[in-house]
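J.: Protein chains in written order, with the numbering used here: chain A, 138 to 253; chain B, 31 to 139.
The hints are simulated quantities; they were obtained by calculation from the structure and are not laboratory data.
Just so you know, not all the hints are guaranteed correct.
[To be verified] Here are the simulated lysine-lysine pairs, DSS-like style, with alpha carbons at most 25 Å apart: (1) B:K138 to B:K126; (2) A:K215 to B:K99; (3) B:K126 to B:K82; (4) A:K194 to B:K126; (5) A:K148 to A:K194; (6) A:K194 to B:K33; (7) B:K126 to B:K99; (8) A:K151 to A:K215; (9) A:K215 to A:K194.
These figures come from a predicted structure and were not determined experimentally.
Single-letter residue listing:
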Amino acid sequence: GAGVSQSPRYKVAKRGQDVALRCDPISGHVSLFWYQQALGQGPEFLTYFQNEAQLDKSGLPSDRFFAERPEGSVSTLKIQRTQQEDSAVYLCASSLGGLAVHNEQFFGPGTRLTVL
Amino acid sequence: DAKTTQPTSMDCAEGRAANLPCNHSTISGNEYVYWYRQIHSQGPQYIIHGLKNNETNEMASLIITEDRKSSTLILPHATLRDTAVYYCIVSGYGNKLVFGAGTILRVKS
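Construct the entire structure; sequences and hints are all you get.
T.: Here it is in structure tokens:
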């Protein structure tokens with residue numbers, strides 16, 4: 138595809154359920170980022186992958202959050218035992234270069250997660 | 031990463047230039063200034079970035095002061111479609127973007 142895609146676009150979960158959010162980055166992009174955006178706020182960094190290596194997970198809010206990118210392309214963000222405070226839009230972004238390269242990040246449309 | 035300060039909101043008349051200011055007084059030598067915007071219900075969109083020289087692309091111009099403590103994003107001919115939240119971000123090694131509250135730009139006809 139031409140851009141970053143995310144699925145599902147909308148997810149409703151009952152409190153305590155596990156969810157998995159998928160990100161398909163632009164083909165060939167080395168870097169992949171996950172961000173969380175609460176209603177009315179700017180996005181907040183969650184984690185970063187360079188190819189399949191997760192180099193920064195400092196933004197993950199708890200050990201219920203887990204991300205992977207096993208083959209260096211598609212990434213999955215998993216949230217276990219969802220809580221109401223997890224309700225947010227989860228954004229994925231990819232960029233061509235690695236850590237030392239300053240280039241633009243291309244964002245997907247996001248997955249809106251609502252936890253009831 | 032250095033913190034940025036932006037006005038909460040701005041209005042601009044359609045067809046006029048929109049000048050969005052940003053203060054980043056604690057920026058360090060290896061940090062770049064990035065601008066992104068977010069139109070309602072969409073993911074952020076990259077606009078432009080620079081280190082110390084002024085930059086221009088098809089979307090906008092970025093003017094960075096000589097001491098690098100502030101910058102201005104210029105949309106030369108604003109249209110209604112430019113109504114969005116504009117984020118000024120300072121980013122160093124690792125390219126992690128730290129978004130603030132941004133500036134809500136309203137373009138009015």
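J.: State the violated hints by number, sorted upward, taking the hints as numbered earlier in the document.
T.: 1, 2
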